[in-house]
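Residue numbers (the numbering used here), protein chains in the order written: chain A, 28 to 549; chain B, 39 to 276.
No wet-lab data here; the hints were simulated from the structure. A virtual CB, placed ideally from N, CA and C, is assigned to each residue, including glycine. Among these hints, one or two may not hold up.
Within a straight-line C-alpha distance of at most 27 Å, the following computed BS3-like cross-link-like pairs (lysine-lysine) qualify [as the list claims (entries may be wrong)]: (1) A:K119 / A:K68; (2) A:K162 / A:K68; (3) A:K315 / A:K439; (4) B:K191 / B:K268; (5) A:K68 / B:K268; (6) A:K162 / A:K119; (7) A:K119 / B:K268; (8) A:K68 / B:K191; (9) A:K320 / A:K439.
Residues of chain B clear of chain A, computed beta-carbon distances all greater than 12 Å [to be verified]: (10) L112; (11) R113; (12) G117; (13) N138; (14) S185; (15) K191; (16) S257.
Next come the chains, spelled out residue by residue.
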Amino acid sequence: MSMLLKRKDRGVALIVGTAALVMIIPAVGLAIDVGYVYAVKAKLQAAVDGAALAAARGLSLGQTTQAQAASAKQNAVNWFYSNLPPNDWATKNTQMDTSNQHVLVYDDPTNPQVRNVTVTAETSAPTWFMRWFGKDASVIRATSNAARRDVVAMLVLDRSGSMGGSCSALIDAAKQFTGQFAAGRDQIGLVTFSDGVAPVIAPSTSFQTTLGYINAMGSGTGALDTIKCNGSTSTAEAVSLGYNELYKKSLPGALNLVVVETDGLPNTAVYNWWDGASYGISATSACKDANNKTRAAGGWATASSGRQWFGGQNLSSGGSSFIPNISAGTTGSVSTSDPPARTMTVLRNPIQTSHATSNNTVNITSTAPGCTFAGGTSSSIADFAWMPSADVYGNAINPTSAYAPVTTTNGKIAVTRNTNTDWTNIHNAALNVTDNAAYRARTNPTLPVYVFTIGFSNAVDNVLLQRMANDPGWLTSPDCVNSGACSNYADQPQGRYVHAANTQELMQAFLSLSSEVLRLSR
Amino acid sequence: MKSFRKSTNRSERGNEVVEFAFVAIMFVPLILGSFMVGMNIVKSIAVNHVVRDLNNMYIHGADFSASTYQQLALRLASGVNLNAPVFPSGTGNVQANTGNTGDGLIWVTQMMYVGTTTEPTCTAVGSNNCANHDSFVYTQRIVFGNSALLQQKQSTLGDAASSTISSSGIVRNYVTDSGARLPSAAQADMRGLWMNTQNGRQPLSDGQIIYAVEGYFQSPSLAVGSTPAKGVYARYFF
Numbered sequence: 028m029s030m031l032l033k034r035k036d037r038g039v040a041l042i043v044g045t046a047a048l049v050m051i052i053p054a055v056g057l058a059i060d061v062g063y064v065y066a067v068k069a070k071l072q073a074a075v076d077g078a079a080l081a082a083a084r085g086l087s088l089g090q091t092t093q094a095q096a097a098s099a100k101q102n103a104v105n106w107f108y109s110n111l112p113p114n115d116w117a118t119k120n121t122q123m124d125t126s127n128q129h130v131l132v133y134d135d136p137t138n139p140q141v142r143n144v145t146v147t148a149e150t151s152a153p154t155w156f157m158r159w160f161g162k163d164a165s166v167i168r169a170t171s172n173a174a175r176r177d178v179v180a181m182l183v184l185d186r187s188g189s190m191g192g193s194c195s196a197l198i199d200a201a202k203q204f205t206g207q208f209a210a211g212r213d214q215i216g217l218v219t220f221s222d223g224v225a226p227v228i229a230p231s232t233s234f235q236t237t238l239g240y241i242n243a244m245g246s247g248t249g250a251l252d253t254i255k256c257n258g259s260t261s262t263a264e265a266v267s268l269g270y271n272e273l274y275k276k277s278l279p280g281a282l283n284l285v286v287v288e289t290d291g292l293p294n295t296a297v298y299n300w301w302d303g304a305s306y307g308i309s310a311t312s313a314c315k316d317a318n319n320k321t322r323a324a325g326g327w328a329t330a331s332s333g334r335q336w337f338g339g340q341n342l343s344s345g346g347s348s349f350i351p352n353i354s355a356g357t358t359g360s361v362s363t364s365d366p367p368a369r370t371m372t373v374l375r376n377p378i379q380t381s382h383a384t385s386n387n388t389v390n391i392t393s394t395a396p397g398c399t400f401a402g403g404t405s406s407s408i409a410d411f412a413w414m415p416s417a418d419v420y421g422n423a424i425n426p427t428s429a430y431a432p433v434t435t436t437n438g439k440i441a442v443t444r445n446t447n448t449d450w451t452n453i454h455n456a457a458l459n460v461t462d463n464a465a466y467r468a469r470t471n472p473t474l475p476v477y478v479f480t481i482g483f484s485n486a487v488d489n490v491l492l493q494r495m496a497n498d499p500g501w502l503t504s505p506d507c508v509n510s511g512a513c514s515n516y517a518d519q520p521q522g523r524y525v526h527a528a529n530t531q532e533l534m535q536a537f538l539s540l541s542s543e544v545l546r547l548s549r
Numbered sequence: 039m040k041s042f043r044k045s046t047n048r049s050e051r052g053n054e055v056v057e058f059a060f061v062a063i064m065f066v067p068l069i070l071g072s073f074m075v076g077m078n079i080v081k082s083i084a085v086n087h088v089v090r091d092l093n094n095m096y097i098h099g100a101d102f103s104a105s106t107y108q109q110l111a112l113r114l115a116s117g118v119n120l121n122a123p124v125f126p127s128g129t130g131n132v133q134a135n136t137g138n139t140g141d142g143l144i145w146v147t148q149m150m151y152v153g154t155t156t157e158p159t160c161t162a163v164g165s166n167n168c169a170n171h172d173s174f175v176y177t178q179r180i181v182f183g184n185s186a187l188l189q190q191k192q193s194t195l196g197d198a199a200s201s202t203i204s205s206s207g208i209v210r211n212y213v214t215d216s217g218a219r220l221p222s223a224a225q226a227d228m229r230g231l232w233m234n235t236q237n238g239r240q241p242l243s244d245g246q247i248i249y250a251v252e253g254y255f256q257s258p259s260l261a262v263g264s265t266p267a268k269g270v271y272a273r274y275f276f
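Turn these sequences into a full structure, and let the hints steer you where they fit.
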């Protein structure tokens, strides 16, 4: 018996092992084939993802929505095959073209400001082991969706005197910016500023015609080409007016944003010297009210005694308005439509941006009918007893978490007639109202918007522009680390700040922000 | 029972070992091969996912030259052991944050196609100054990870070493500075991919931007002896 067993069992392990291979090899082969299919599926999915995102980007190319849809489809095909060329990873019969079956562009059914692109592709991944069992390939399909929100943007461009030598570069760069967006769908408007703000052009879908543009399809001229650079830097006012144009459009389903370009420090703000109870004219000022009385003679006592300085310029838009579109209601509120003309005693206060012995005059304005200022035609802070707590747009001179320190009494700056103190207060107030204008645009509960900033030249305040954009990318920069004053509000729209040292970088900065906006719009 | 054992011990001693050896000749390569192929497939899938996700982050605004986003990338790729040095305190952006630990190296690239001298990108700087017409140029390049892996794998898009590049990876003067052009091999590669008309493709137009992320990850656990294991490379254009 034992001998029989011995002979019979001899080589059994070999036989059993070999027989097991018949089962094991297909099992291992199946695992490898399935793994390979998964690997190809990952490649296909990534290729389709890339195609969908590129297609969404393509929705910006073209002068009509049909042309944009065609660009989107072409981008999808280009990007797909660049990520997964034919026969890559031994794939076969790859199906991808510009037909609706593969690239479908359609309006979002719930948000009229959104267009969707759905990309579908398929390919066949070969099998290496399963073909022994008659399965040569496995068909894989992948789908990806990308959406593009329409963009509603206001360009807020600095045309102050310091931009003089770079004015044409600014125009070209801004036209390159408008050229990146979808005519007929996106809306772009324009505010340019120096001492004052003009023109204010509301966002419209025909922005390439009204503003001008440059892109791969061609170029056109418009309001951007008429920019002339001179004067001071009234940044806060321009940001507020730019934001108000977005507010009037009221398209919360779109991507709303303000793009601010400046080459210097804000040195002008617009203040209303009537605080509801009295005017801030100094008792020693020779400036006369509408009844030709000085403060010392009992003038400037009632609201109606105020003068409309900057005569001939009302506060409505549509004319040669110096400060258009200020709300007819409470000073500082945003308006949903252009307000009627009204009288306000307002002055802009251009100040020197640097403080030095020979450069420390605090000018208030150049002309104000009825006033003989202490400084003659060049007015002086000595004509005022205080400065208001906010500019006419409601931007606070000393808000919570103020950027620059301002000494206030009952919320206002008390004029000390000490030039050093007054200069510091008024200068910092101009910085704060600018910072606050951007903050209020980002935090308006009805229409919070992104703020993007471009600082041109080395005279700009990087920290202020970072704060305006609420750009987290700058938080670890030496400027932010050293000052400790940069903003980081994760619950607010986080824009981007780009610094440009020269005119060529200015163009790159605009293009870089347009890419950023187009990223966010997806 | 005793005699059975004795006879087994005498005449069949070592039979199982011999038979096992025969079977092992078939099984061991099969198991090892399956293991190697399986591990490489798993690694390939993981690397492809990492590179795709990083590009997705990049195109949606992630700035990988900043510590915050780089830490996010390291966390995302922790499964494939991506490592990069910690930013020194007070450091803002770092264009090439590389060390010699970890198994991966990432290249993040933004490229632009600059058209002919009569097209807007060139005319904006003056046609005569447009050194990079009809070329692909770097507009941003960021690198992080283990730079020792460059001995195994170079970026297929070149190294951007000749360009003038800021700490945040922004390439300056990319239209006028010939150093911003992709090197010839990469240029040819990109032309092959982006400027052909096969399969319904159309050449890129002036000013079009491509966002690319490349990743190379070595597989040290699969190294045999002194022969380094092959790594996995993935590249996606978004």
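Against the structure, the hints come out as follows:
1. A:K119 / A:K68: Between A:K119 and A:K68 the Cα gap is close to 13 Å, so the pair holds against 27 Å.
2. A:K162 / A:K68: Between A:K162 and A:K68 the Cα gap is close to 17 Å, so the pair holds against 27 Å.
3. A:K315 / A:K439: Since the Cα atoms of A:K315 and A:K439 sit roughly 23 Å apart, the hinted pair holds (cutoff 27 Å).
4. B:K191 / B:K268: holds (10 Å)
5. A:K68 / B:K268: holds (22 Å)
6. A:K162 / A:K119: holds (14 Å)
7. A:K119 / B:K268: Satisfied, since the Cα-Cα distance of roughly 26 Å is no more than 27 Å.
8. A:K68 / B:K191: Within the cut-off at roughly 25 Å; holds.
9. A:K320 / A:K439: holds (25 Å)
10. L112: holds (16 Å)
11. R113: Holds, because the least Cβ-Cβ distance between B:R113 and chain A comes to about 17 Å, which exceeds 12 Å.
12. G117: It holds; B:G117 is separated from chain A by about 14 Å at its closest Cβ, greater than 12 Å.
13. N138: holds (24 Å)
14. S185: Holds, since 22 Å exceeds 12 Å.
15. K191: holds (18 Å)
16. S257: The claim holds: B:S257 sits with its nearest Cβ about 15 Å from chain A, beyond 12 Å.
Against the hints set out earlier in the document, no violation occurs for any number.
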